[in-house]
Amino acid sequence: MRVRSSVTLTGLALSLVACGSPPISPELRTARDAYAAAKESVAADLAPAELDNARQALEKAEETFRKDHKSPEMLDDAYLAERAAQLALVVGLTEQERREMKANAQRMEKLEKKLANMTKEELAAAKAALETKKRELAEQQAKLNSMEGKLSAAVASLKEAGNVKEESRGVVITLSGSVLFATGKDTLLPIAREKIGEVAKALKDQGYKSIIVEGHTDSRGSETNNRSLSMQRAESVRSLLIENGLEGSKISAVGVGESRPVADNNTPDGRANNRRVELVVTPE
Amino acid sequence: MAEVIGWGRLAAPLLLGLGMLACGGVKAPQTEMATAQSAVRAAEVGGAEEIPKGKLHLKYAREAIQRAASLMEEKKNEEAQRTLARAQIDAEYAVAIAEYETARLEAAALLEKIEEMKGAAK
Chain A
9 MRVRSSVTLT
19 GLALSLVACG
29 SPPISPELRT
39 ARDAYAAAKE
49 SVAADLAPAE
59 LDNARQALEK
69 AEETFRKDHK
79 SPEMLDDAYL
89 AERAAQLALV
99 VGLTEQERRE
109 MKANAQRMEK
119 LEKKLANMTK
129 EELAAAKAAL
139 ETKKRELAEQ
149 QAKLNSMEGK
159 LSAAVASLKE
169 AGNVKEESRG
179 VVITLSGSVL
189 FATGKDTLLP
199 IAREKIGEVA
209 KALKDQGYKS
219 IIVEGHTDSR
229 GSETNNRSLS
239 MQRAESVRSL
249 LIENGLEGSK
259 ISAVGVGESR
269 PVADNNTPDG
279 RANNRRVELV
289 VTPE
Chain B
2 MAEVIGWGRL
12 AAPLLLGLGM
22 LACGGVKAPQ
32 TEMATAQSAV
42 RAAEVGGAEE
52 IPKGKLHLKY
62 AREAIQRAAS
72 LMEEKKNEEA
82 QRTLARAQID
92 AEYAVAIAEY
102 ETARLEAAAL
112 LEKIEEMKGA
122 AK
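Each protein sequence line maps, in turn, to chains A and B.
Here my numbering is used: position 117 in the first sequence is 125, and no number is missing along the way.
Here my numbering is used: position 90 in the second sequence is 91, and no number is missing along the way.
Be aware that one or more of the hints could be misleading.
[Said to hold, decoys possible] Non-contacting residues of chain A with respect to chain B, defined by C-beta distances greater than 10 Å in every case (computed): (1) A92; (2) E108; (3) A134; (4) K142.
[Unchecked claim] Label pairs and their in silico Cβ distance ranges: (5) B/K60 - A/Q64: 40 to 46 Å; (6) A/L131 - B/E117: 16 to 22 Å; (7) B/E117 - A/R107: 20 to 26 Å; (8) B/E51 - A/D53: 27 to 33 Å; (9) B/A109 - A/E81: 31 to 37 Å.
[What the hints assert, rightly or not] DSSO-like, lysine-lysine: derived pairs with alpha carbons at most 30 Å apart: (10) A/K121 - B/K54; (11) A/K135 - B/K119; (12) A/K118 - B/K60.
What the hints contain is simulated information worked out from the structure, not anything from laboratory work.
Beta carbons are placed, not taken as given, at the ideal position from N, Cα and C, and that holds for glycine.
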């Protein structure tokens, strides 16, 4: 009973509504919704002309509906109004995309410039670093070359002037006494000046920390005499080295005498070898 | 269905009269036809066919044009004109959809490129 009465009531209410105004057609409702959506969208700002077309189309559809809510014209007009609204919405969205794209294109241009500059800067820095390295390398090579040249020249001239040996006390250059001095004298022979000049030049080129000039004699004569003779000879050589441009403060002279023979004093050859001046060089 | 046919049969003479009236009052919408056809071509050229939604509205437009052509043959010029209006707006909508898609893809591609460049600039 209750159910039936409520159904009747509902039917009554529906018919009352229907009586007041014709039920809205679904086509027109769709058109209204489409217009409302477009109006709320970016189309309001970005596609105002299209949105206005849509508004006019909807008004026309509403008008047609009011005149005859069942006419096929109403369906057509509602269809056109719906499409016009959809069109406005899409045109608005398109404009939005285009605007964003424009802004992004500007951003990209800036980025491109930044990137190009950065790349240039980086490239320039890398090039500069490379150039510096190259220059340094070239300089080192040149230094090495000249050092090698000097060194080999120094070693060659030293070898020519005397015997060169590397010992624990340093590089020992032995100058034969017979070449340097006349027997019993401490004045240098002219040929000795020449030889010692070469040695001095070689030492200057190669560099040295200190030089000890040691005078040695054979065993003939008294030991005291030999010692003072060897000292005087060492001094003579030291002076000559200084004359040739070596630093006096780095050179000392020692008279060793006959105490450190390198050969047999009983033979003339042995004695000749024992008469000598040794330069003990501590390299740089 | 039977009712509709019945109504149709009854209304046939009436419709004929209306059609004759229309014949006198409304010219065959040749211009509208040409305009709608060129709008369809514009949508085709714009690439609407490649986008599902664009393809759908292009289809609506083509079908409406065909309907309008039949209606014109039947001298139902007023109805043909209204049908052509449908074809016109569907074609225009298809064009707009294609334009939107193009703009959207271009914008996305640009954005992607920018992101790439930003990565490179870091």
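- Query: Is A/K118 within 30 Å of B/K60, Cα to Cα?
  - Reply: violated, 44 Å
- Query: When you check the alpha-carbon spacing of A/K135 and B/K119, does it fall within 30 Å?
  - Reply: It holds: about 25 Å lies between the C-alpha atoms, which stays within 30 Å.
- Query: Could one say that the CB atoms of A/L131 and B/E117 fall in the range 16 to 22 Å?
  - Reply: holds, 20 Å
- For the range 27 to 33 Å, tell me whether the beta carbons of B/E51 and A/D53 fit it or not. At roughly 29 Å between Cβ atoms, A/D53 and B/E51 fall inside 27 to 33 Å, so the hint holds.
- Please test the hint of 20 to 26 Å on the beta carbon pair from B/E117 and A/R107. Roughly 22 Å apart at Cβ, these two residues keep to the hinted range, so it holds.
- 10 Å Cβ clearance of A/A134 from chain B: Since the minimum Cβ distance to chain B is about 17 Å, A/A134 lies beyond 10 Å and the statement holds.
- Task: Verify that the Cβ of A/A92 lies farther than 10 Å from every Cβ atom of chain B, and report whether the claim holds or is violated.
- Result: violated, 6 Å
- Message: Beyond 10 Å on every Cβ pair: is that true for A/E108 relative to chain B?
- Response: violated, 6 Å
- Message: Range first: 40 to 46 Å. Now tell me if the beta carbons of B/K60 and A/Q64 are that far apart.
- Response: violated, 26 Å
- Task: Mind checking the hinted window 31 to 37 Å against the Cβ distance between B/A109 and A/E81?
- Result: violated, 42 Å
- Assertion that A/K142 lies outside the chain B interface [Cβ separation over 10 Å]: holds, 29 Å
- Message: For a C-alpha distance cap of 30 Å, please report whether A/K121 and B/K54 respect it.
- Response: With Cα atoms ~40 Å apart, A/K121 and B/K54 exceed 30 Å; violated.
When the structure is compared with the earlier hints, violations turn up for hints 1, 2, 5, 9, 10, 12 and for no others.
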